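Colleague: In case you want the letters, here they are:
Protein chains: 2
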Amino acid sequence: MLENEFPSVAVIGIGLMGSALTAALLRSGYRVNIWNRTPEKCASLAAQGANVSPSAEAAVAASGIIILAISDYANSKTVAASAGLLGKTVVQISTGSMMDAVEFHSFCTAGGAAEYMEVKIMTYPALVESGTSLLLASGTPEVYIKLKPLLETFGKSRFVGEIISSATSAMFAWSAHFQISVAGVLESIRAAKALGVEPALVQEIASFVGIDVDGIFSRWQNAADRIGPPGLAKSGTVFDYIVAADLIIGSTDLAGITLPVLNAVRTELYKWVDYGFGHADVEDAFEAARRHSENLTTG
Amino acid sequence: MLENEFPSVAVIGIGLMGSALTAALLRSGYRVNIWNRTPEKCASLAAQGANVSPSAEAAVAASGIIILAISDYANSKTVAASAGLLGKTVVQISTGSMMDAVEFHSFCTAGGAAEYMEVKIMTYPALVESGTSLLLASGTPEVYIKLKPLLETFGKSRFVGEIISSATSAMFAWSAHFQISVAGVLESIRAAKALGVEPALVQEIASFVGIDVDGIFSRWQNAADRIGPPGLAKSGTVFDYIVAADLIIGSTDLAGITLPVLNAVRTELYKWVDYGFGHADVEDAFEAARRHSENLTTG
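Going down the list, the sequences are from chains A and B. At position 3 of the first sequence (counting the first as 1) the number is 3 in the UniProt record's numbering, and the numbers step up by one without a gap. At position 8 of the second sequence (counting the first as 1) the number is 8 in the UniProt record's numbering, and the numbers step up by one without a gap.
To be clear, the hints were calculated from the coordinates, so they are not data collected in a lab. Watch out, some of these pointers could steer you wrong.
[Unchecked claim] Stretch by stretch, here's where chain A covers chain B in the computed footprint (C-beta under 8 Å, at least three residues): (1) 75 to 81; (2) 166 to 174; (3) 181 to 191; (4) 203 to 211; (5) 259 to 268.
Here the structure is a predicted model, which is why all the values come from computation and not from measurement. C-beta atoms are modelled at their ideal positions from N, C-alpha and C, and glycine is treated no differently.
Let the sequences and hints guide you as you build the complete structure.
Modeller: Here is the structure:
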């Protein structure tokens with residue numbers, strides 16, 4: 001096995017996605033240096049062979065390729081400023097706006113990064129870990145070709161374009177459907193309750209036609225306990241929706257187009273927060289909103 | 001092969017769904033008597049072995065089980081009144097409200113039908129023909145058990161309940177998601193155009209995660225040329241949406257619940273009709289709505 005076939009990779013941030021990326025890399029034979037603000041989360045990956053670094057700086061210094069799996073771009077800047085990126089190949093997977101992507105690329109270039117690629121992961125951590133994910137990449141084609149074997153550790157990858165924000169644009173375009181679709185699943189469950197049908201039957205029909213309702217629910221449920229985006233003390237399922245909807249609507253508004261259905265979804269989301277269900281499971285939030293409107297009607 | 005193993009079945013109405021039902025029955029060994037208002041549509045099924053009846057009355061008289069695959073309940077009543085249902089087992093697959101289902105059941109019982117079952121088909125005609133559909137049934141459990149082998153010719157079947165409108169309720173509950181989901185696909189394509197991403201990429205991502213975007217579009221496109229529901233001269237893709245959304249929203253409103261996302265979808269649908277795109281392909285209608293709003297902005 002040649003040394004440069006399996007280069008040393010740093011994974012900075014060991015949340016749900018960082019853990020999945022690390023597990024997939026380790027299984028494919030990469031040497032992985034990991035760092036997390038709270039080191040406790042690194043224990044099971046250490047048992048699988050990951051090298052737990054005492055600092056982000058140490059993880060970066062020991063690696064040629066740096067994967068940033070941190071909550072957002074602001075935290076990415078803080079970590080990158082302290083760790084240094086001189087001569088490194090940077091892969092950014094955090095979620096932010098297209099402007100965030102452009103700014104962070106400039107920041108890394110100014111900091112001496114040798115190569116840079118935006119990679120947006122379109123599936124759940126479990127699919128990343130099993131190598132059946134879908135990744136969208138934007139940046140320099142030569143860097144994409146170099147990184148492709150590494151990205152294929154996580155699943156199928158697709159080069160979207162040289163404009164650095166292209167992967168984010170494509171993710172938002174698709175996410176509009178995802179956001180609306182999840183709202184559709186929840187509305188269909190509300191409709192079932194109203195029409196005297198077991199909500200479980202809706203899930204049964206959905207699973208027959210190939211919609212992974214359990215996956216959708218568990219994805220948002222899993223998100224309930226992790227640290228959230230800036231401005232929100234804690235991420236919850238409804239807040240996750242709002243942040244995603246705001247990013248998509250903000251970007252499409254700038255491009256001169258409105259998305260009426262997604263706007264309706266966002267309006268509903270803010271109602272749930274008003275009812276005090278910002279941190280709650282989305283189905284609970286729907287239930288609360290229904291009770292709230294019943295109270296308005298009856299009282 | 002015993003005579004009563006493969007009873008003689010009438011299929012009344014040879015549209016897209018009636019054709020698929022007949023083809024599946026013929027392949028499974030049933031003797032099928034078909035009738036359609038315009039007999040030309042029966043030619044290819046006749047070549048496959050179907051007996052083309054000169055009248056609905058003749059088709060019903062020659063059959064023990066009568067499948068009604070007519071556009072709606074009003075037309076079903078007209079045909080049933082002229083053909084007679086005395087002693088027959090009636091399977092109603094037309095789309096209507098829950099009240100339609102209750103009324104038509106009473107109508108058939110009063111007309112002497114021996115057995116009755118509401119069956120709602122949750123998938124495309126192509127899946128019915130290949131025997132991989134999903135059917136929801138409501139009525140008497142004994143009738144369901146008797147009809148199950150016949151229903152399995154079309155795919156998987158599920159008994160929903162004894163209340164005759166239950167299958168319709170379950171279909172509406174699920175359809176709320178389907179309507180919203182299709183609107184979500186179209187909004188994601190609009191978003192892609194706004195954000196400078198190839199719309200084809202949205203379809204590529206959708207197909208990767210298991211959403212059949214081509215199937216969704218072709219389903220509605222196929223609907224554009226068939227005869228529509230009462231009150232509309234001709235069914236088109238946007239009208240199909242409106243009728244479905246109206247039925248779901250009407251039924252859930254009666255049950256005391258509103259569906260905000262589906263309401264937003266309906267509001268959009270009516271806008272498209274205002275723009276003159278009621279009979280058009282839904283993606284064209286979205287395109288027209290976008291141009292319309294651009295004109296409002298720039299002019």
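Colleague: Hint by hint, say whether it matches the structure.
Modeller: Hints and how they fare:
As drawn, the segment 75 to 81 of chain B meets chain A at 0 residues by the rule of a beta-carbon pair under 8 Å; below three, the given contact is violated. Counting residues of the segment 166 to 174 of chain B whose CB lies closer than 8 Å to any CB of chain A gives 6, so the stated coverage by that chain holds, three being the minimum. Counting residues of the segment 181 to 191 of chain B whose C-beta sits closer than 8 Å to any C-beta of chain A gives 9, which meets the bar of three, so the coverage hint holds. For the segment 203 to 211 of chain B, the proposed coverage by chain A is satisfied: 7 residues have a C-beta within less than 8 Å of a C-beta in that chain, meeting the threshold of three.
With 9 residues carrying a beta carbon less than 8 Å from a beta carbon of chain A, the segment 259 to 268 of chain B meets the three-residue requirement, and the given coverage holds.
Violated hints amount to a single one, hint 1; each of the other numbered hints is respected by the structure.
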